[in-house]
Amino acid sequence: MDRNAVVAMMARMGITPQDLQNMGQPPFNQGATLSGPRRPPPFEPDLSSDELKRRFEQFDAWAEYDRTLDPVQVPFENPASLVHEFEELHRSITANFHSPENSTRTSITGFGKHSSKLPLDQLTIIYLSEMLVRKVHKGRFLLCRSITTCTRLVGVQMLVEDPEGRVRDLAIYNFPTLGMGSSPEDVAAIFPLGTILAIREPTLKMPSQGYRPIIRVDSPSDVIFIEPHSKLALGTTWKTGSRVNRSAAIPSSADAWKARGNGHFKAGRWLAAVFSYSSGMEMDPSAYLLRLNRAEAFLRLEYYSASQRDAEQVLGLSLEESARRKALSRAGRAYYGKQDYVGAEKMFAGWLESQPGDPDALAWIARCRLRLQESTTGDYDWVRLSKESQVSPHIDAANYVGPIRVSEMIDRGGGRGVVATRDISSGELLVAAKPFASAFNADFPPPQKEVLISFDTLAKRALSRNQAAVLSRATQKLYGNPDMYNSVFDLYGGTAYETPLSYPPTAQESHRFPKSFPFFPATDFDITQLESICSHNVFSPYDTQVPDHPDSPEDSPDRPAALYLLPSLFNHACCANATWFSIGDFIVIRARALIRAGEELTLSYTYGQTPYQQRQSRLKNWLIAGCDCALCDEDRRDGASTRERREKLISQVKVAVPLVRLRALVQDISTAYSPTRGALRPDMWHVYHTLGETLRLREYSTYLTESIKAEFDALQSVGVRVVDKTMRGAIPRPRELPIATGEFFLPSVIMLDQYVLTLITIAYAFSKMPDLARTSRWLKTAISAHGVAFGGEKPYFMHKFSTFLGHVGLLRTAQAMEM
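For what it's worth, my numbering labels the leading residue of the sequence shown as 125, then goes sequentially.
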């Protein structure tokens, strides 16, 4: 294989030509000894769970050892040779990006990274000759400029020189809009050749691959773009000349910057357009069309505070009507994005006054009024939301907060939780919310050839593509929405960070939008803390549309991921008194049981029918001391040997097992509990349900009766009280439901879609006996339970389950049923 082919292959693996040259050579690692690990261990896709555990242990050992080493100086290499190698890398990456081949990248999160909090004018300049490997250069900033075309593997990479002409590699991670899927052209639009940067409190590190040190920047707020006409740039003399070789000429007028910005905008490069429009405004602050264009680009980035600021500043000018309408429209959409529907409607009303009867203005006003109604009443059109989620997972709906408040949890020994402000009924809506950031498979449509696999050293787990993308999207949103800073950073981020006892936070003056954005960051944030917040709080929204027993979202590699704000403050209990589900990215939290005023509300972040040890393993990232809910207490009292025996037996339960063996297994498992065990035995849910399904497939009357009994047992194993177990003859109390309502109506330890499907399954079994009265009764129970669990009454139930009902022959019965 020739060198170019090797370079291309290595580029797909994230290895540079310089890495190839140095393979087999001893690393430059002054101060290291042979007794310690010189490099962090490699993390590859498809590691077994045992091997992944070993790699995390090796990483912790390497990190601990690396902290013991002294900072050292590393020699510089020939700049011309470095530039040649880097341009070769860029060509390979570009060719690979535009080829049909897939590429997999890996990244590591959760380890400590420095993020600067000091403004540039409080820092003093440092030159590359002064920088040491393994040192954060606090109180200093590096002035540098790119001397190669920028490229991207996981982070943005380039060669930079300082004013003295010395050269180092620079890698910038988590930069907005330049994550997985961004093209080489996207990178070059924001970091063109010759870009001057100030890196606050830079860190020089040895890379995990290769032996050339890199300046690594993990927080994009540490990167400041220095305008060529700024005082700092004009006062700097560059040893290699005032202009980087091959760099493009800088536009010399506001109109030229506008033209460049419009080109970026048409290409969908919103942030690059923002930089161009901003540069034009630096040359001509009175160019309001540039500000108006920038407001639209900010909207596309969801930088609503920035867009609102620009649009309202334009509205303060004397304008022709067409420009004023654009400003009103953009201001209204900015308010709408911030969920200030009153402010949004005011702007759209101004637009309508300027242009009576305009259909777009009328449509926006109608949307504002509907969102305002949703936010104040919690009354949603669930069928509409469900249909919308089938087109896009990103739902247009307002947040709602019900009878709850955030409170200090003294009974838990501190921290926060969510409590009821009044008595709450089963099924009552508590919270409905859009995420701060989310990622779904639909966000990465074909041809998406890049896959990022991230390894979280905090939670000791591999992250899915969507989980990794949430961190990138949260970073991007914070970058341009400083008013959201406290709402995110006041979430729990682990024991290393102090968590306020109140929520929501109040906006602070330091997080208001600065005039210098985007050249200076809108706010400073600690990327390590943000990684920890995401590690502890990201949900995996699951689709409630599939009328089948879904696989656990926890185990799906393609599961979506979302960071929510208020929902993240609910504490965990395996047998929780509240439940959550999602419609697309819209999370809905309802009460499972009757809840008294002042009582804490809890959610389950794992499934109660999951074996005890698996639950504890999954929860260790959130609950260091383990879960103390009633179910976990019962499981602990059973004892380890009893639990292990039970789990071993349960693992043998499958539909394909012969019926005689399956009946024997059910009997054996039912005795694998301590004598004092209560009725709540959620791991029996799967056992009884499998028995019921096996019997139901035979469709004989005797088997159907036994099947129904097995489903009754399944319901009771998860806390549902079946009050009518009759299967023939007259129905006692026919006007009442056959299961207890109120406190015992919704089970606390299984997904509620499974519960509703089980009720439909019982109705189906009765229809085969046939017993039409009991069929209708249990089908009515399914509709009622669904209404309590999910809202929307019968229309929403029919929307979700019509296909399944048709498959089991119950569609006409359900359609004709009066509730």
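Some hints here could point you the wrong way.
[Said to hold, decoys possible] Just the calculated beta-carbon pair ranges, DEER-fashion:
{"#": "1", "residue 1": "Val-847", "residue 2": "Arg-801", "range": "21 to 27 Å"}
{"#": "2", "residue 1": "Pro-629", "residue 2": "Gly-392", "range": "18 to 24 Å"}
{"#": "3", "residue 1": "Gly-853", "residue 2": "Ala-788", "range": "51 to 57 Å"}
{"#": "4", "residue 1": "Leu-244", "residue 2": "Asp-484", "range": "50 to 56 Å"}
[Stated by the list, open to error] In silico DMTMM-like pairs for lysine to aspartate or glutamate, Cα to Cα no more than 20 Å straight-line:
{"#": "5", "residue 1": "Lys-262", "residue 2": "Asp-895"}
{"#": "6", "residue 1": "Lys-778", "residue 2": "Glu-723"}
{"#": "7", "residue 1": "Lys-259", "residue 2": "Glu-325"}
{"#": "8", "residue 1": "Lys-584", "residue 2": "Glu-860"}
{"#": "9", "residue 1": "Lys-573", "residue 2": "Glu-175"}
{"#": "10", "residue 1": "Lys-849", "residue 2": "Asp-792"}
{"#": "11", "residue 1": "Lys-177", "residue 2": "Asp-194"}
{"#": "12", "residue 1": "Lys-639", "residue 2": "Glu-351"}
{"#": "13", "residue 1": "Lys-511", "residue 2": "Glu-917"}
{"#": "14", "residue 1": "Lys-511", "residue 2": "Glu-477"}
{"#": "15", "residue 1": "Lys-918", "residue 2": "Glu-420"}
{"#": "16", "residue 1": "Lys-584", "residue 2": "Glu-426"}
{"#": "17", "residue 1": "Lys-329", "residue 2": "Asp-520"}
{"#": "18", "residue 1": "Lys-918", "residue 2": "Asp-848"}
{"#": "19", "residue 1": "Lys-772", "residue 2": "Asp-762"}
{"#": "20", "residue 1": "Lys-462", "residue 2": "Glu-420"}
{"#": "21", "residue 1": "Lys-558", "residue 2": "Glu-498"}
{"#": "22", "residue 1": "Lys-450", "residue 2": "Glu-426"}
{"#": "23", "residue 1": "Lys-573", "residue 2": "Glu-817"}
{"#": "24", "residue 1": "Lys-329", "residue 2": "Glu-254"}
{"#": "25", "residue 1": "Lys-849", "residue 2": "Glu-817"}
{"#": "26", "residue 1": "Lys-462", "residue 2": "Glu-477"}
{"#": "27", "residue 1": "Lys-450", "residue 2": "Glu-477"}
{"#": "28", "residue 1": "Lys-584", "residue 2": "Asp-607"}
{"#": "29", "residue 1": "Lys-462", "residue 2": "Asp-607"}
{"#": "30", "residue 1": "Lys-833", "residue 2": "Asp-762"}
{"#": "31", "residue 1": "Lys-601", "residue 2": "Glu-426"}
{"#": "32", "residue 1": "Lys-833", "residue 2": "Glu-768"}
{"#": "33", "residue 1": "Lys-558", "residue 2": "Asp-482"}
{"#": "34", "residue 1": "Lys-918", "residue 2": "Glu-351"}
{"#": "35", "residue 1": "Lys-177", "residue 2": "Glu-225"}
{"#": "36", "residue 1": "Lys-601", "residue 2": "Asp-567"}
{"#": "37", "residue 1": "Lys-241", "residue 2": "Glu-225"}
{"#": "38", "residue 1": "Lys-744", "residue 2": "Asp-174"}
{"#": "39", "residue 1": "Lys-573", "residue 2": "Glu-867"}
{"#": "40", "residue 1": "Lys-470", "residue 2": "Asp-482"}
In short, the hints are calculated from the structure, not lab data.
Keep in mind it's a predicted model, so treat the numbers as computed, not measured.
Glycine included, every Cβ here is placed at the ideal spot set by N, Cα and C.
A quick look at each hint next to the structure:
1. The beta-carbon spacing between Val-847 and Arg-801, approximately 22 Å, falls within the hinted interval of 21 to 27 Å.
2. A C-beta distance of roughly 34 Å is found between Pro-629 and Gly-392, which places it outside the suggested range of 18 to 24 Å.
3. Hint check: Gly-853 to Ala-788, Cβ distance near 31 Å, so the stated range 51 to 57 Å is violated.
4. Hint check: Leu-244 to Asp-484, Cβ distance near 43 Å, so the stated range 50 to 56 Å is violated.
5. Restraint check for Lys-262 and Asp-895: the C-alpha separation of about 78 Å exceeds 20 Å, so the hint is violated.
6. At roughly 40 Å between alpha-carbon atoms, Lys-778 and Glu-723 are farther apart than 20 Å, so this suggested pair is violated.
7. For the hint linking Lys-259 to Glu-325, the alpha-carbon distance of about 10 Å falls within 20 Å, and the restraint holds.
8. Taking the CA atoms of Lys-584 and Glu-860, the gap is about 50 Å. The hint is violated against a cut of 20 Å.
9. At roughly 27 Å between alpha-carbon atoms, Lys-573 and Glu-175 are farther apart than 20 Å, so this suggested pair is violated.
10. Only pairs whose Cα atoms come within 20 Å are accepted, and Lys-849 paired with Asp-792 is rejected, the gap being roughly 23 Å.
11. A distance of roughly 29 Å separates the Cα atoms of Lys-177 and Asp-194; the hinted pair therefore is violated under the 20 Å criterion.
12. Note on Lys-639 and Glu-351: the hinted pairing holds, with a Cα-Cα distance of about 14 Å set against a maximum of 20 Å.
13. Of the supplied pair hints, the one linking Lys-511 and Glu-917 holds, its CA atoms being roughly 16 Å apart against a limit of 20 Å.
14. For the proposed pair Lys-511 and Glu-477, the alpha carbon gap of about 33 Å is over 20 Å, so the pair is violated.
15. With a C-alpha separation of about 42 Å, the suggested pairing of Lys-918 with Glu-420 is violated against the 20 Å cut-off.
16. The suggested pairing of Lys-584 with Glu-426 is violated, with an alpha-carbon distance near 32 Å, which exceeds 20 Å.
17. Distance hint between Lys-329 and Asp-520 is unfulfilled; the C-alpha atoms sit about 44 Å from each other, more than 20 Å.
18. Simply put, Lys-918 and Asp-848 have alpha-carbon atoms about 23 Å apart, too far for the 20 Å limit, and the pair is violated.
19. The hinted pair formed by Lys-772 and Asp-762 meets the criterion: a straight-line CA distance of about 15 Å does not exceed 20 Å.
20. As the CA atoms of Lys-462 and Glu-420 are separated by approximately 15 Å, the hinted pair is consistent with the 20 Å bound.
21. Between Lys-558 and Glu-498 the CA atoms are separated by roughly 13 Å; this keeps the pair inside 20 Å, and the hint holds.
22. A hinted pair counts as satisfied when its Cα atoms are at most 20 Å apart, and Lys-450 with Glu-426 qualifies at roughly 17 Å.
23. In summary, the hint linking Lys-573 to Glu-817 is not supported, as the alpha carbons are separated by about 41 Å, beyond the 20 Å threshold.
24. A C-alpha spacing of about 14 Å is found between Lys-329 and Glu-254, which places the hinted pair at or below 20 Å, so the restraint holds.
25. Proposed proximity of Lys-849 and Glu-817 is supported: the alpha carbons are some 18 Å apart, at most 20 Å.
26. About 23 Å separates the Cα atoms of Lys-462 and Glu-477, which puts this hinted pair outside 20 Å; it is violated.
27. Among the hinted pairs, Lys-450 with Glu-477 is consistent with the structure: their alpha-carbon atoms are about 13 Å apart, no more than 20 Å.
28. For the proposed pair Lys-584 and Asp-607, the alpha carbon gap of about 32 Å is over 20 Å, so the pair is violated.
29. For the proposed pair Lys-462 and Asp-607, the alpha carbon gap of about 10 Å is at most 20 Å, so the pair holds.
30. Taking the CA atoms of Lys-833 and Asp-762, the gap is near 26 Å; set against the 20 Å cutoff, the hint is violated.
31. For a cut-off of 20 Å, the pair hint linking Lys-601 to Glu-426 stands: about 7 Å separates their Cα positions.
32. With a CA separation close to 27 Å, the supplied pair Lys-833 and Glu-768 exceeds the 20 Å bound.
33. Distance restraint check for Lys-558 and Asp-482: the Cα-Cα separation of roughly 29 Å exceeds the 20 Å cut-off, and the hinted pair is therefore not satisfied.
34. Proximity of Lys-918 to Glu-351 is assessed by CA-CA distance (about 61 Å); at most 20 Å being required, the pair is judged violated.
35. With a C-alpha separation of about 31 Å, the suggested pair Lys-177 and Glu-225 falls outside the 20 Å cut-off, and the hint is violated.
36. The straight-line distance between the Cα atoms of Lys-601 and Asp-567 is roughly 16 Å, inside the 20 Å bound, and the hint therefore holds.
37. Proposed proximity of Lys-241 and Glu-225 is contradicted: the alpha carbons are some 41 Å apart, above 20 Å.
38. The straight-line distance between the Cα atoms of Lys-744 and Asp-174 is roughly 17 Å, inside the 20 Å bound, and the hint therefore holds.
39. Proximity of Lys-573 to Glu-867 is assessed by CA-CA distance (about 50 Å); at most 20 Å being required, the pair is judged violated.
40. Straight-line distance between C-alpha atoms of Lys-470 and Asp-482 comes to about 15 Å, which keeps the hinted pair within the 20 Å bound.
Violated hints for the displayed structure, listed by number in ascending order: 2, 3, 4, 5, 6, 8, 9, 10, 11, 14, 15, 16, 17, 18, 23, 26, 28, 30, 32, 33, 34, 35, 37, 39.
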